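There are 2 protein chains.
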Amino acid sequence: MTDRTFGRALNVRDDFMPAPTEQPVRMTTFEEPFIDPATSTEEIFRATYLVLRDHGYAGVSIQRIADRTSLSKSTIYYHFDDKYDLLMQFSEELLTWYIDQLVVDHEGDARASLDRLLDLLLLGETADGVCFESVFAPGYVATIMEMRAQAVRNPEMREYVSRTDAMIRNHFEALLEAGMDDGSIREIDSETVASMLFLLFEGALLLRSCEDDVEWLTAVRKPVDSYLDR
Amino acid sequence: MTDRTFGRALNVRDDFMPAPTEQPVRMTTFEEPFIDPATSTEEIFRATYLVLRDHGYAGVSIQRIADRTSLSKSTIYYHFDDKYDLLMQFSEELLTWYIDQLVVDHEGDARASLDRLLDLLLLGETADGVCFESVFAPGYVATIMEMRAQAVRNPEMREYVSRTDAMIRNHFEALLEAGMDDGSIREIDSETVASMLFLLFEGALLLRSCEDDVEWLTAVRKPVDSYLDR
Chain A
1 MTDRTFGRAL NVRDDFMPAP TEQPVRMTTF EEPFIDPATS TEEIFRATYL
51 VLRDHGYAGV SIQRIADRTS LSKSTIYYHF DDKYDLLMQF SEELLTWYID
101 QLVVDHEGDA RASLDRLLDL LLLGETADGV CFESVFAPGY VATIMEMRAQ
151 AVRNPEMREY VSRTDAMIRN HFEALLEAGM DDGSIREIDS ETVASMLFLL
201 FEGALLLRSC EDDVEWLTAV RKPVDSYLDR
Chain B
1 MTDRTFGRAL NVRDDFMPAP TEQPVRMTTF EEPFIDPATS TEEIFRATYL
51 VLRDHGYAGV SIQRIADRTS LSKSTIYYHF DDKYDLLMQF SEELLTWYID
101 QLVVDHEGDA RASLDRLLDL LLLGETADGV CFESVFAPGY VATIMEMRAQ
151 AVRNPEMREY VSRTDAMIRN HFEALLEAGM DDGSIREIDS ETVASMLFLL
201 FEGALLLRSC EDDVEWLTAV RKPVDSYLDR
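Residue numbers (full-length UniProt numbering), protein chains in the order written: chain A, 1 to 230; chain B, 1 to 230.
Just to be clear, a hint being listed does not mean it is correct.
As the list claims (entries may be wrong) - Here are a few chain B residues that face chain A, going by a calculated C-beta distance under 8 Å:
(1) 57
(2) 59
(3) 95
(4) 145
(5) 192
(6) 222
(7) 225
Claimed, not checked - DEER-style ranges, computed between Cβ atoms:
(8) 229/A / 107/B: 35 to 43 Å
(9) 38/B / 73/A: 48 to 56 Å
(10) 186/B / 82/A: 21 to 29 Å
The hints are simulated quantities; they were obtained by calculation from the structure and are not laboratory data. Note that the structure is predicted; figures quoted are calculated from it, not measured. Every residue gets a Cβ at the ideal spot worked out from N, C-alpha and C, and that includes glycine.
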């Protein structure tokens with residue numbers, strides 16, 4: 001496993017609090033993940049990201065990934081058991097990266113962080129102009145879907161999917177609790193609402209990626225507020 | 001196209017009203033789809049269902065389907081352009097069948113029909129004992145996921161997915177409107193709530209199929225009621 005895990009985002013509730021900044025900067029662009037790899041593992045993740053982007057899930061092979069790094073296939077096999085191990089670790093790492101970019105490394109209270117996520121998924125754009133398309137690469141979303149489809153029958157993939165989903169639900173729950181603490185979210189049953197938000201989030205991620213007309217998704221943004229409003 | 005289409009379920013609002021029955025029978029079992037095929041097309045659909053159940057999406061081939069019918073490959077190609085055409089039509093037909101079994105051919109008001117769907121997806125079982133697992137075959141759900149994953153990049157699949165999803169959303173909307181008419185559902189914005197229900201429904205279908213522990217899904221059942229309760 002790499003040393004940056006979900007644990008960081010999940011356990012440290014203070015991460016959700018606004019960091020004191022001299023000069024608050026509104027983020028209007030979204031960096032590509034692993035764009036400046038510092039380790040072999042990050043270099044492999046960067047290459048995986050590019051192969052997924054260009055060739056889709058079915059086009060992923062260790063050879064193709066190696067071709068986009070300075071590393072040999074055997075070096076990749078030194079870090080990862082096989083293609084699936086790599087894809088699972090990549091997927092987990094990318095998710096952590098998303099959470100950091102979207103929520104943790106951002107000013108505002110917990111509700112503001114949650115609003116960013118909901119705006120991005122349901123409206124397709126955050127208030128400060130980050131678009132869904134610039135955040136979620138099609139290859140990555142397709143990979144999530146393929147993994148879920150495999151998990152229907154494959155116990156190992158099923159265990160991975162269950163674990164990752166629980167992490168995201170816990171993240172939502174921690175965010176809701178931080179919001180109740182900082183007064184930006186009304187008193188709610190955080191576990192129930194986290195489950196509901198996760199379903200909406202997952203559904204929106206899926207449908208926004210595989211449908212042409214997703215204008216209907218924006219309607220769902222408003223009723224969600226009624227669960228959260230103070 | 002086969003002659004039973006979504007149109008039937010979508011346009012005929014009266015279908016949602018309880019049919020007068022002398023002796024209401026509570027349905028506690030769930031028939032397998034296409035178990036008694038009456039036409040070549042239905043025989044092909046039955047075989048497709050069995051191949052998906054036993055081999056998954058990746059194992060579907062026209063040859064394998066033909067092997068489980070009394071028909072030749074060329075007869076199958078007479079009815080369907082290719083494997084994907086067959087899978088799309090199968091998927092649409094199966095969805096209609098589900099809707100009929102779960103909602104249309106059932107006593108009770110519109111809210112009762114909606115409750116059946118929500119209970120099945122969120123609780124895993126309807127009040128009269130029909131289980132999620134006995135309704136949604138794993139191969140079928142995996143097929144939906146694979147198709148969605150393909151739709152991320154394939155315009156034809158994307159168009160199909162968009163069309164099918166719009167049909168289901170319209171179905172939810174018609175059901176909500178029938179509920180407002182028969183007094184079983186409070187006055188709501190049916191389009192908004194239909195979109196939200198569809199997201200929850202789709203998310204639950206997906207996650208219930210690819211996760212081990214889905215107990216957390218049951219928590220979402222209660223807040224949904226608050227949108228519908230009179």
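Against the structure, the hints come out as follows:
1. 57: 7 Å, holds
2. 59: Nearest chain A Cβ about 11 Å off; hint violated.
3. 95: 16 Å, violated
4. 145: 4 Å, holds
5. 192: 4 Å, holds
6. 222: At about 7 Å, which falls below the 8 Å cut-off, the nearest Cβ of chain A leaves the hint on residue 222/B intact, so it holds.
7. 225: Violated: closest Cβ of chain A sits about 12 Å from residue 225/B, beyond 8 Å.
8. 229/A / 107/B: 35 to 43 Å: Between residue 229/A and residue 107/B, where Cβ atoms are some 39 Å apart, the hint holds.
9. 38/B / 73/A: 48 to 56 Å: 55 Å, holds
10. 186/B / 82/A: 21 to 29 Å: With a Cβ separation near 53 Å, residue 186/B and residue 82/A fall outside 21 to 29 Å, so the hint is violated.
Consistency with the previously given hints fails for numbers 2, 3, 7 and 10, ordered from lowest to highest.
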